[in-house]
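Engineer: Work out the full structure, taking the sequences as your base and the hints as a guide.
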Amino acid sequence: MTSTTTERAAAPARPGRRRGGPSLLDTKRQWWGWLFLAPFTVVFVLFLLVPLAYAFWLSLHTKGIATGGESVFTGVANYVRVFTDADFLSGMARVGKFVLVMVPVQIGLAVAIALVLDTLATRLSKASRLLVFVPYAIPAVIGALMWGFLYSPRFGPANDIFGFFGLDAPDFLSRDLIFGSLVNIVTWQWVGYYMIIVYAALRAIDPSVYEAARLDGAGDRQIAFRIKIPMIASSMVMIVVFALIGTLQFFTEPTVLRSVAQGAIPTTYTPNMYAYSMAFSYSQFNYASTIAFALGILVFIGSYIFLYATRKQSGLK
Amino acid sequence: MRRGLRRAVAASAAGLAGLSLAACAPGGDGAPADNTSCTNEIKVPDATRVTLWAWYPAVEQIVDTFNAQHDDVQICWTNAGQGADEYGKFSTALEAGTGAPDVIQLESEILPTYTILDGLTDLAPYGADELEDQFPAGAWSDVSSGDAVHAIPVDGGPVGMLYRADIFEKYGVEPPTTWDEFARAAQDLRDAGYDGYITNYATNGGAFNYALFAQAGWAPFDYDPAERDQIGIDVDTPEARQVLSYWEDLIDRGLVSSDDAFTSDYNTSLVDGTYAVYIAAAWGPGYLEGLSDADSGAAWKAAPLPQWDPAEPVQVNQGGSALAVTSQAKDPEAAATVAMELFDDEETWKIGVEDAGLFPLWNLALDADWFTDRRYPFFGGQQVNRDVFLDAAAQYPGFTFSPFQVYAYDRQTMALYDMVEGPATAADALATVQDSLVRYAEQQGFTVR
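Sequence lines, in order, name chains A and B.
So that you can map any letter, position 253 of the first sequence is 253 in full-length UniProt numbering, and since no number is skipped, the others follow by simple counting.
So that you can map any letter, position 41 of the second sequence is 41 in full-length UniProt numbering, and since no number is skipped, the others follow by simple counting.
To be clear, the hints were calculated from the coordinates, so they are not data collected in a lab.
Predicted, not measured: the structure shown is a model, and the values here were computed from it.
Mixed in with the good hints, there may be bad ones.
[Stated by the list, open to error] A few chain A residues facing chain B, derived, Cβ under 7 Å: (1) R29; (2) S152; (3) A158; (4) S281; (5) S283.
Built from N, CA and C at the ideal position, the CB exists for glycine as well.
Structural biologist: In structure tokens:
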């Protein structure tokens, strides 16, 4: 994999020499390339490829606790089991719902805020940019713990706020509302990050484009929707892919909130949580690897479909 | 430039060497090269070192006492987390084949989970089989099977009823002694104007709910570690339905709350008068004392657990723990010595009782006047051991847990939450748990009887 990248990167630098063998200089350069890649390659192989291969090997074996801890090769049996496992499938359906709700909400908010900040040139815009971004700087676990307290019926502000209007506060940690409560935490945490990416892309657009559009009679709204958004399409595709993958691997926030809502967030809430409890609560390392791989396959398929569908916008065509 | 790089590499290599030297240093001459860092101070550096994972409060004092008394064995203690946190690390270490401590604190309900993984060393060959008469019969049956002794009992959780005497007095209601009276008292308190709940039924209280079922005679698992591929699973029984329907009814009538246990909301409700009764194990009072926002006028009293049939009282246990020697112990004999002797000492138990609020499962402590007659300031000077917990511990018959107990608890929490929140009934919930456990056991290669 690394070799193809180097070749591809080196290719434009030597047009016309493709037919003959590489010169001595090129060979030397390649060695330097390898040297510079080495630190990354070692880490990449040791901490990503090797564990992945090991996890795949585990997923092809089965070790029942009643069979004396003997590991038996069972081929794809675990994969058959996982794709018929009601807990895994319901977890997948749940993260699917999260994708449908959370990704549009996050991206919509991030783009809206970025567009507004892009048109403002006051000190206020700098301050708001920072304020929107700050939640991303808070570690996810701390953020989720903090929201856990805010949602708490006793310690949170909801009781006071609703009580002021003579109403009963809803229980944000109940089964009906936990979905929205989680969407809220993730949105709060990530909108700032996506906003910064979109904002940076907007700043990279040459202002003369806007002047030309204005001369042609475009209004602010038309500039926003007809000029700015199409011009930052590739950044948008990128953040949607980030959001998509992050949501399918949903783990941290529900795991932290589970400490205050064990009923509403069961151990099978998301596929990642299911894999985690399989491995570390039930000692089912083989099946946990299978769940993780199955999730990985689905994430890959999901991302691929999305990237294929948006190949025009992203410039990957 | 290049020379600079080389120098940097040399410097960092020297640094690494220094680090590894430093890591070796505390071992001293002749001592086992052990890179574990101890939380406590080792008094005899040359002695055999035994690593211990334990979360007992005041464990540091207890370990220090042991180390001061022993020249040949020294305990190196680490707190690897309480309950599930520690079990996760232990399971991972067992799978990895390395990284487990020599001696580990485990709740007795989790022992079958680890014996089936060959994670524990049988202590009978090291003399533990001769200790049987030092412990209450129920506690001993929880840690042993056949001739094998999987762990040494330490502290127990005989269950009683802690109640707010001031609330019962204020509303003119008598504290209940049977579950019928308990249901009536719940209604009477509400009718008299008490706006809290008589108690809370937590769907995530795994061991607590097991104890309540067990009181009605529920024995869901038929499992013997000697026949590790056989298991009987009988969760959905008339006894369990009776108990669960009872609580479902009280919850439906709004007399009992169904908050999750062990959250900060729940902790506050325990002590601020939201719940009038806390059905608790003997370690419960220690738990209550550690909570903040308590009612200043609270008057706690302890009474025996309400009974289904007062003519034939049944006592139950929730939690408590034991010391086991892991299969990775470097020196099993020294490790067994630690497991057997860490708590076989009155001085240690005075620390355990007075500073840590533990309930001993060691007959010499249970029979000692200083323990039986101890007056607890938290209960207004009541002798709660004499009044409640000693009987409960003595009459507890033991309980058979499954070799996949964490899974069983998680499934129970899911089903009970469905019952409390949704249309499912007690019978539905129990049937769901039964089905999922049987399926899981079969997937694990058990023959389900």
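Engineer: If a hint holds in the structure, say so; if it doesn't, say that too.
Structural biologist: Results of checking the hints against the structure:
Because the smallest distance between the Cβ of R29 of chain A and any Cβ of chain B comes to about 19 Å, over 7 Å, the interface hint for this residue is violated. Satisfaction of the interface hint for S152 of chain A is found here, the shortest Cβ-Cβ separation to chain B being roughly 5 Å, below the 7 Å cut-off. Annotation: interface hint on A158 of chain A violated; nearest CB of chain B at approximately 12 Å, more than 7 Å. With a cut of 7 Å, the hint placing S281 of chain A at the interface with chain B holds, because the nearest CB-to-CB distance is about 5 Å.
The beta carbon of S283 of chain A is positioned within 7 Å of a beta carbon in chain B (closest approach about 5 Å), and the interface hint is therefore held.
Figure legend: structure checked against the earlier numbered hints; hints not met, in rising order: 1 and 3.
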